[in-house]
Structure formats: C-alpha cells, structure tokens
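A.B. asks: Given next are the chains, with one letter for each unit.
Number of protein chains: 2
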Amino acid sequence: MENSLVPEFQFIRKYIKKLAGKGALDLTDDAALISVNPAYELVLTADAMVENVHFFTNDPVDLIARKLLRCNLSDLAGMGAEPVGYLLTVSLPKHCFNAEWFEQFTNGLEKDQKLFNISLLGGDTTYNPYNMVFSLTALGKVKKNKALRRNNAKPGDGIWVTGTIGDAALGLLSLQNKISDFDGFLTRRYHLPQPRLGLQLTDIANAGMDISDGLIQDLGHLARESQIGAVIFADQVPLSLQAKKIGISYLENCLTGGDDYELLLTIPSEKEHLAKIESQKANIPLTKIGYCTDQANSLICYDKNKNCMTFKQTGWSHI
Amino acid sequence: MENSLVPEFQFIRKYIKKLAGKGALDLTDDAALISVNPAYELVLTADAMVENVHFFTNDPVDLIARKLLRCNLSDLAGMGAEPVGYLLTVSLPKHCFNAEWFEQFTNGLEKDQKLFNISLLGGDTTYNPYNMVFSLTALGKVKKNKALRRNNAKPGDGIWVTGTIGDAALGLLSLQNKISDFDGFLTRRYHLPQPRLGLQLTDIANAGMDISDGLIQDLGHLARESQIGAVIFADQVPLSLQAKKIGISYLENCLTGGDDYELLLTIPSEKEHLAKIESQKANIPLTKIGYCTDQANSLICYDKNKNCMTFKQTGWSHI
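Sequence lines, in order, name chains F and E. Residue numbers are given in full-length UniProt numbering: position 132 of the first sequence equals residue 132, and the series is strictly consecutive. Residue numbers are given in full-length UniProt numbering: position 32 of the second sequence equals residue 32, and the series is strictly consecutive.
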C-alpha cells in the first residue's frame, strides 16, 4: 500500500490497515506475499468502477465498494474458483478525504471480507481532482485444470442459470424512476449483487461464466467461444416475484439487462442430477432454460407461444 | 478482460489482445489462470496513476503506460522478486477511444513486456468522462521466505543504493522549466524509470525497498519498520554527471525528490563482497552511502563538511 500520503491524510492508514490480511504484511512493504497450494491454479480478474459511469455520485459509498468487490468475486465464481484476496486502488476527489468517508467505505469492505472470507492484500490511495475511480483485482484459486471456461460448452448440454434474472436491470430502472420498486428488493439487487460462490460445479458443468452484460449477450459470448448455438425459452427463465409483479412488458429488460451476476452454465444431461444435488447443498437455485445446439452462431430465444423473440438491445454496454 | 465494449469500440480488443499472455486465456474468459511453482511465493502490488496528478495531459501515452508498469515492477524489485505478469484497468475520456491512442498505448506496453519478459493477464477498459485514470496490479515470484522486507535492517548494516539518485526529481523540475535538461537524460529518467530487477540479493541484503518517495523519506520508512536509526553521507550518494552539472544547490532536491525507482538496501559488512560481485554480474551499480545504527528514529544525513543537513521537505507526496 502506498505510504506516500501527506501527513494530514495519514488517518487513512488506520482505516485501510484494518482490512489487511496476513499476506499484506500489514501494508508496510512494497508488495504482498502469498503462497499457492501446488494442487491449485491462481485465478485473477480486475475491474474498474467510475463515478457517473458505473455508479451515481450519491450512491452509498459502502455499497459502491461492496459492489466492486462482488463483481470481481462473481468473475471468480464464473470460473468455479474460491476467493483468496484482493488489491484495490482508489482515486478520490478532495471531498472524500475525511474520516467519515473512509469509515463508511472500509466498513462496507470489512463486512464483505467476513462474508466471503477474504482480505485486502495491497493497493494505493491517490488524489483525483475530478471523480471517484476504483479498480479492484481479485485473486482466487481453483484445482488444477478444473477451471470452468467459456469455450467448452457442447451441443446437447442443457443451459442453466442460478438465482433469478433481470432484477438488477429493473432495480436500475427503479432508481431512474421509470418503474416502482415496491419493497426495495430490485434496487438492492442492483446495488449489492450476490456472487454465486460455493457451488462445486467444476466436475459437473462443461462451461460456465457469470452474467454481467445481460443473459442474451453473455449467452452469445459463451456460444461464440464454444462454437455452438443455443436455444432458450423465455418462460423458463427464472424471475423473482418482484420482477413478475413489474410485468411481462419488462421481460426484454430482464433478458437483456446487465448487472445480475448470476451464473450461466452448460451441463451435460447425464450430470443434471449431480447439479441438482449440488444446488441443494449450496442452497443456490439452479434452473434449466434451454440447450446447446451444433448450429454455431445461432442464438434463439422462444417466447411462451414458441415464437422467436427479437431484442432491441442485446446487452448492457459499460462504455 | 471486460467484453462489454459497445460495437464501435470493439477495435480496442485487437490492441489489447496482442498484449495477452498464455494465462490470460486470450482475454476471452472471466479471469486469468496461472500456476505457481511451490518453491515460490507470489508477490503482488498495485498502483494507480491519474492524469493531472501523476502525469501531465500531454505526456506521451506510451511513456505513461510504461512508467506505470515500471513503478510496479520496481516494487517487485524492492522485494527481490522476479516479474510474472500484470492486470491493468484503464478509465478514459472519449478523445482516447481511437486507434491511434490505443496503438501508442499498447505499443509502449508491448516494448516493456519484451524487455521484462512478462505479459498482460487481464483487466478492464471503461469510459471516464473527466480524465485518464490507470490502475495496474503486478505479479512477481520470489523463493519462499526469501523476500526482502523493510523490517529486517540490523544495526551495523551498510546502507546501499543502486544507480544514481535524484535524476527524476531534476527531470520534473526541467519539465516545469525551472532548470535546463541539457541532453534530455533527466527528463527521460522522470518519464521512464528503470526498475532494478535482476540483482540476486535475497541471500545478501538484510532489508530492501524501492525508492519512490525520495531517498530521505524512504530511508525513514525502512528505519521505522526495522526500528533502527540511520546515518548517511550526502557526498557519498551517487549522482549522475547530469545531476552534478545542475549543481550543489539542487542537492536537497536529489536527496528528497521522488520517482527515482532505485533500490535502497541494507547489507551486513560480511556480505559486502558478495553484493559487489552481484552488482558486477547484473551490471547495476551499487554504492554504499552510510550505515544503520541502534538509535531508533534517528536519521542523520551529514554534508561533506560533516554538518547535519536539515531538509525543508523530506519527501515526495502523491497526495
């Protein structure tokens, strides 16, 4: 962790240090040290979040921090990995350099560190005159040669998703005052995604990834990388009670909206029973929504009347 | 690597992909995978660089990229580690989203990747309406329990530095038109630091770190973490010919200015001959500038007349 804060900002250290894990060497050295069990591979992913692009200025800062961490943990989950720790750089305008801001920010991270059994390994705090910019690198581990990849789906595999789809997209619409979020559930799903860690699917699924850009677009990514086609059934896509209440006219938003951070998996039929057992064990719902075909580049989504759906927007774009 | 660029920005992939190493899985998956030899520990460090804070708007973008990479590699060198790879997030205003910008940016990184035998493992490219913000996480490896730490300097150890001290601080003054950089050497040292990788000192030095905040301030960090004191002699601190030309009135700038990215080491006297052999082997100059004492919290710098020097500013502050 950068030690070069001017004296008036030395108070920040206290807040950052409470997040430091064993390998972080108390954030006193140039870098952190970790050992990796030779039976495992290390999994690495990094994402940035920018004020006025990925979050609003007035979003609660503890939720911004936790969302960034969780998005990265979701990438680890997408590969079937277990989280180990993270590095974080924060670039902040002057108005953030006060105890209250840092307390809220680090309290959020501390909560999730406990929840996901990880700790901060290192990073940097710098000034940015214009806006808040965060960047997080997450480390995970997965047994050697067992990582779930996007490129290994096979024709005939069932297509499965965890949890419910579309809540985050509806949550964003609610924050934009376009729909009404009756009990705060949808907004919560947008602000605080749930990385689907804990499912042991590396010996069960053929392919996997997390859904960050929207179900349709991410299924497209997976199909392209695996050189397969896909058929899914919109009425089999699991929706939350709250999403169902919003109504069928928002179905397209659910299917194409981003930020769900559920998992998308392809599972061969002979292993479906194992997937169901694993789903019960981890208490994470798994729903089959379609199947893979040998028609590369063909992605078909049927509505409940078995008509092909077309979409105005196939996914969420971060730029 | 984030796949969620809107179609008009898909051209970026081509530039980023050429940087991808084996573990990056062609940047098609959620995360990268690497194996770690069980005889080694993994070393991790992250730094951010912000437009108008750490670099000027018109600095050459290839040099910005290379400086960020090299600062992080210098942190690895400070722990005696060997670089493995890096993850990079870039948050950019609209005017950067063109082929020319990305070509220059990635060409710079490509040069250094070859030079330091590393590759890109992952990252994210996002929009930032206001300014360029970069964050880089570097990975290295070091033999188990051999990492150089800041907290292991012993009274009696000699204090050593690599290369020459103060060039980067003078380079910055030259960019600010305060002094004249006759042959561009000082500016170059500011823009393109040389991480001192390749010295095998983990069995020779007791403590080590890189000098990023200025010699005096970083020596203070090392002394504090090791609970020792330090005595150094200003006239033994190695200066470049170009720095000598600028003159003695800038000596304080050299001793306290940041951005040198040389190494600061403490070496017990019985191993000095080994350090000298290693210095010749790696072709990296090593100079003794003082010694450690048992007077914790006492940092003394003598001038050539053996008077104690005092400093207006003890170091470089990034905030």
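Read the hints as simulated data drawn from the structure, not as lab findings. Among the hints, a few may not be true.
Which copy is meant is left open, because identical chains are indistinguishable; a pair holds if it fits in one copy or across any two.
[Said to hold, decoys possible] Below, a list of computed lysine to any residue pairs in the SDA-like style, where the Cα atoms sit at most 20 Å apart:
(1) Lys245 to Asp303
(2) Lys178 to Lys306
(3) Lys146 to Leu192
(4) Lys17 to Arg224
(5) Lys141 to Gly220
(6) Lys146 to Leu27
(7) Lys144 to Pro38
(8) Lys276 to Asp26
(9) Lys14 to Lys312
(10) Lys17 to Gly184
(11) Lys14 to Asn305
(12) Lys141 to Val36
(13) Lys17 to Glu225
(14) Lys17 to His221
(15) Lys17 to Glu270
(16) Lys143 to Glu278
(17) Lys18 to Glu272
(18) Lys22 to Asn151
(19) Lys271 to Phe11
(20) Lys281 to Gln176
A.B. asks: Now look at each hint and say whether the structure bears it out.
C.D. replies: So, going through the hints one by one against the coordinates:
Taking the closest pair of Cα atoms, Lys245 and Asp303 come within 20 Å of each other only inside a single copy of the chain (18 Å); across copies the shortest separation is 78 Å, beyond that limit. For a Cα distance limit of 20 Å, the shortest separation of Lys178 from Lys306 qualifies neither inside one copy, at 29 Å, nor across copies, at 74 Å. When the C-alpha separation of Lys146 and Leu192 is checked against a cutoff of 20 Å, the pair qualifies neither within a copy, at 28 Å, nor between copies, at 40 Å. For a Cα distance limit of 20 Å, the shortest separation of Lys17 from Arg224 across copies, 17 Å, qualifies, whereas the shortest one inside one copy, 43 Å, does not.
For the homomeric pair Lys141 and Gly220, neither the shortest alpha-carbon distance inside one copy (27 Å) nor that between copies (37 Å) is at most 20 Å. With identical chains, the CA atoms of Lys146 and Leu27 are at most 20 Å apart between copies only, with a shortest distance of 18 Å across copies and 32 Å within one. With identical chains, the CA atoms of Lys144 and Pro38 are at most 20 Å apart both within one copy (8 Å) and between copies (13 Å). When the C-alpha separation of Lys276 and Asp26 is checked against a cutoff of 20 Å, the pair qualifies neither within a copy, at 42 Å, nor between copies, at 32 Å.
With identical chains, the CA atoms of Lys14 and Lys312 are never at most 20 Å apart, being 49 Å at best within one copy and 27 Å at best between copies. For the homomeric pair Lys17 and Gly184, neither the shortest alpha-carbon distance inside one copy (33 Å) nor that between copies (41 Å) is at most 20 Å. For a Cα distance limit of 20 Å, the shortest separation of Lys14 from Asn305 qualifies neither inside one copy, at 60 Å, nor across copies, at 41 Å. Taking the shortest alpha-carbon separations for Lys141 and Val36, both the intra-copy value of 8 Å and the inter-copy value of 11 Å come in at or below 20 Å.
For the homomeric pair Lys17 and Glu225, the shortest alpha-carbon distance between copies (15 Å) is at most 20 Å, but the shortest distance inside one copy (41 Å) is not. Proximity of Lys17 to His221 under the C-alpha cut-off of 20 Å is restricted to the inter-copy arrangement: shortest distance 16 Å between copies versus 39 Å within a copy. Taking the shortest Cα distances, Lys17 and Glu270 never come within 20 Å of each other, neither inside one copy (49 Å) nor across copies (36 Å). In this assembly of identical chains, Lys143 and Glu278 lie within 20 Å of each other by CA distance solely inside one copy; the values are 18 Å within and 39 Å between copies.
Taking the shortest Cα distances, Lys18 and Glu272 never come within 20 Å of each other, neither inside one copy (43 Å) nor across copies (39 Å). For a Cα distance limit of 20 Å, the shortest separation of Lys22 from Asn151 across copies, 15 Å, qualifies, whereas the shortest one inside one copy, 36 Å, does not. Within a single copy, Lys271 and Phe11 get their C-alpha atoms no closer than 54 Å, and across copies no closer than 39 Å, so neither meets the 20 Å cut-off. In this assembly of identical chains, the alpha carbons of Lys281 and Gln176 never lie at most 20 Å apart, being 37 Å within a copy and 63 Å across copies at closest.
The structure shown violates the earlier hints numbered 2, 3, 5, 8, 9, 10, 11, 15, 17, 19 and 20.
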